[in-house]
Amino acid sequence: DTEVTQTPKHLVMGMTNKKSLKCEQHMGHRAMYWYKQKAKKPPELMFVYSYEKLSINESVPSRFSPECPNSSLLNLHLHALQPEDSALYLCASSQGASGLGDKTQYFGPGTRLLVL
Amino acid sequence: SQKIEQNSEALNIQEGKTATLTCNYTNYSPAYLQWYRQDPGRGPVFLLLIRENEKEKRKERLKVTFDTTLKQSLFHITASQPADSATYLCALGGFKTIFGAGTRLFVKA
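Residue numbers (this note's numbering), protein chains in the order written: chain P, 228 to 343; chain W, 14 to 122.
Be aware that a few hints might be false.
From the structure, some residues in chain W lie toward chain P, with a derived Cβ separation under 8 Å [stated by the list, open to error]: (1) 38; (2) 55; (3) 59; (4) 62; (5) 102; (6) 112; (7) 114.
Only some residues are given here: those of chain P computed to face chain W with a beta carbon under 7 Å [as the list claims (entries may be wrong)]: (8) 269; (9) 275; (10) 283; (11) 334; (12) 335; (13) 336.
Quick caveat, the hints were computed from the structure, so don't treat them as lab data.
Source: prediction; values computed, not measured.
For every residue, glycine included, the Cβ atom is placed at its ideal position computed from N, Cα and C.
Only chain P is shown next, with the shape it has when bound in the complex (with noise of 0.2 Å):
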């Protein structure tokens, strides 16, 4: 199984709402990562986790909380998102997650989020 798997596909929220979206993988990779991207851009890396366990938080605003329950999930919790925040959540896996490990990324379908 090589594939990562984003739910939902869409999410239309309104500014006060909280949500969350989930990312999985069964590929036994130690290393999953959240990406924004906006149209026409390239994907920006906002989170990383290694071995379930934040390694890199690329100075995201707290309004998006990320959340790695076991070596397969990854979740971004989403409360109180402005609208600029609407944009393609993209998720990936890789198998390294230290030293010179293979780092390729496998990435999810994403999720289409629209912040009214």
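Chain P is already provided as a structure; the job is to place chain W on it using the hints.
Only chain W this time, still in chain P's reference frame:
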């Protein structure tokens, strides 16, 4: 600061021709460089990885070169097909991956 540039925002070529995409970087000494393909509304798909000690890598109709002196990678698609139309992204880094802005390739039948 580290910077990646992909030379063309868009590239139009005729079916059957070779597409050549360029990725330049500055303020970086990567151990490897990766190329991904992204279709509209979908996540990027890994294509090829080339290490700093490799000059060239091939996979079917794809070829990547890596010149660490010029700080440049070239990505070639030979015998291009309309199905190759997509955005191609180069990427540097391991965990802290930085993607180039991408080149949108359009292959006309």
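Hint by hint, here is what the structure shows:
A distance limit of 8 Å between C-beta atoms decides the matter here; for residue 38 of chain W the minimum to chain P is near 13 Å, and the interface restraint is violated. Given hint, residue 55 of chain W at the interface with chain P, holds; its Cβ is 6 Å from that chain's nearest Cβ, closer than 8 Å. Taking 8 Å as the C-beta contact cut-off toward chain P, the hint placing residue 59 of chain W at the interface holds, the least distance being around 5 Å. The beta carbon of residue 62 of chain W comes within 6 Å of a beta carbon in chain P, closer than 8 Å, and the hint placing it at the interface holds.
About 6 Å separates the beta-carbon of residue 102 of chain W from the nearest beta-carbon of chain P, less than 8 Å, and the hint is met. With a least beta-carbon distance of about 4 Å to chain P, the hint placing residue 112 of chain W at the interface is held under the 8 Å criterion. Checking residue 114 of chain W against chain P: minimum C-beta separation of about 5 Å stays under 8 Å; hint holds. For residue 269 of chain P, the suggested interface contact is upheld, since its CB lies about 4 Å from the closest CB of chain W, less than 7 Å.
For the restraint placing residue 275 of chain P at the interface with chain W, the shortest Cβ-Cβ distance is roughly 5 Å, inside the 7 Å limit, so the hint holds. Checking residue 283 of chain P against chain W by beta carbon gives a least distance of about 6 Å; that is within 7 Å, so the hint holds. A cut of 7 Å between beta carbons decides the hint on residue 334 of chain P: the least distance to chain W is about 3 Å, and the hint holds. The interface hint given for residue 335 of chain P is met, as the beta carbon of that residue sits about 5 Å from the closest beta carbon of chain W, less than 7 Å.
Taken as an interface hint, residue 336 of chain P checks out: its beta carbon lies about 5 Å from the nearest beta carbon of chain W, inside 7 Å.
Of the numbered hints stated above, the single one contradicted by the structure is hint 1.
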